[in-house]
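Asks: One letter stands for each residue in the lines below.
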Amino acid sequence: MSANAGTPTPTYTPKQKKTTFLLYWMKEWSSWLLIIPTLLFFFFFSWQPLLSGIWLSFFKTKGFKAESFIGLQNYIDVITNSVFQQTLINTFMYVFWSLVIGFVIPIFVAVMINEMRHWSSFFRFASFFPSMIPGIAASLLWMFLFEPSENGLVNKIIGFIGIHPQGWLQDPNMTIITIVLTITWRSFGATTLLFLASLQGVNNELYEAASIDGAGIWRKFWNITLPQIAPLIGLTLILQVSGVFQIFNEPLVLTEGGPNNASMTLQLQSYFYAFRYFEAGHSVALGVITFMILMVMTVYYFKLQKKWDM
Amino acid sequence: MKAAKTSGIIGDLEYKLPRVKLIYWLFFTIMIIISLVCILPPVWVILSSFKDVKEFYEIPPTIIPRSFHIEKLWDTWNEFKFMRYYINTFYVTIGTLAFTVFFNGLAGYFFSKLKPKGSAFFFLLILWTVLLPSTVGIVPLFGNIVDFPLFHINFTNTYWPLWFLAAVNPVVILIFKNFFDTIPASLVESAHIDGATKLGIFLRIILPLSVPVLITISILTINGVWNDFFWPYMILKDQSQWTVIVAIYNLKATLPADIQFIGLTYAIVPPVLLFLVFQRYIMQGYSIAGSIKG
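Protein chains in written order, with my numbering: chain A, 896 to 1205; chain B, 857 to 1150.
One chain only, chain A, in its complex shape:
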């Protein structure tokens, strides 16, 4: 352990230094003893896998073990693979649609619930309800509802308002949108709660003062409500982009990346490399690529944010 990390002042003579060191350990050994198990868990189940994943991506692999150093060959293989380009575009399409569909919904629902004079706790309960359904169960549930024939429940319901039955998950043009819809259904409630908490923090006097000055509902929304929740909007944006960019469970359950790779994502491809084709090297290389893209996006976001603040 880096016990010296915080020991300052090089003015001690070596002997004094040794005594302080000893005194430190006499006092603190029992504290460190309490944290060591947790740190070991972090080491073996988080830090070491991450580092060895990066290391492994430069090696030819057999099973999950490195065999021989091959430089960037894994990366070249993965990028030149015919599926890669489509997978990359798909992943960005997921992010795009999740922003179009899923990003504004929690904000508006939270604002609406916050205005409700009737049934507001019921609406709060209802919006959060889908978040309690286990993710896999929610995916399976929607898989049944989005049954592509005209007997699918969703198709039947949109039939009432005169829309033709859609292929949903089976239609290469709609599969990503459909998956994003199911994810949004399950997750918007939790984000709504966050926005609600933030909205409750607005000082009511601000609204009253604005009303006295003759501001309408729109003005109040733009000039009081939005600035109040702006930091949270920024935060959920970055969390959502990075979360959706690593999307994996839902396509696996709903489509397995199909039809014809139309819903394949970087993460799912990485999973298939490792556990279907048993090419661990390719899998981690793709993971590192995903990681790098995410890092670049995050850094770029924070730069933009800094610019805005100034």
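Bear in mind the hints are in silico, worked out from the structure with no lab data behind them. Computed from a predicted model, the values in this text were never measured in an experiment.
A few chain A residues that face chain B, going by a derived Cβ cut-off under 10 Å, partial list only:
1. L935
2. I1008
3. Y1102
4. F1116
With a cut-off of at most 20 Å between alpha-carbon atoms, the simulated EDC-like pairs for lysine to aspartate or glutamate come out as follows:
5. B:K971 with B:D1037
6. B:K1108 with A:E1151
7. B:K971 with A:E923
These stretches of chain A come out as covered by chain B in the derived footprint (C-beta under 8 Å, 3 or more residues):
8. 1037-1049
9. 1178-1191
C-beta: ideal position from N, C-alpha, C; glycine also.
Place chain B on chain A using the hints.
Replies: Leaving out everything else, chain B in the frame of chain A:
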């Protein structure tokens, strides 16, 4: 169900204007529709699982079920050994709870109250873990589970790795640390003077004072275990070890749709009941977890 109003855009005076009232009731209608979209699909699946086989495969499907056969659920429960999956999920939950509370709690205590020199470095390291995407580590982590370093133990088909992973939870450590920060240092010091050990202080003073946060974390953990799919799916390959979620996923390829609906019902009902009973804690917990992520 009228909640006390704290703060809103539409003031009392404006609410009396017909134009504003129209907007208000438009919003109200939209919220009703959203609520129906949220609640009805799972309810429809649960009700459909009571349909008899004939009605289930009827074309077009009935939106409001006619037949109601509770014994069908019971038969499926026995035939596909759902008891086994519930018990397995229970084991995973108990271990996960213990590991989450004990190891993350100790870490929170360490970073909040003990804070020896050098601990700040590890705190930063753990915070960093939240930000790092898990993408790269999955393969080596699975490698560690199949063949644990140094000891060469194969953990597949055991619950240990799921429990170990529960200890690696930076968000819970943060929640604990923030809560422990509010416990006065004088309490810890006086116990120390009375000769209590550091672990004793944690178990006998810190934890009993933290009951509210313990309840929230426990409920979120239980819900998390019900949700958990990826690692249980990767680790529990033997059918006798499956959790409920792993079971409904693995059974999806082989079973007829009406049995799958019953499986879905079994997976949906427990967390929904948990939610109905502990609604307040769960919603509160999500807000805490969310605000800490910021």
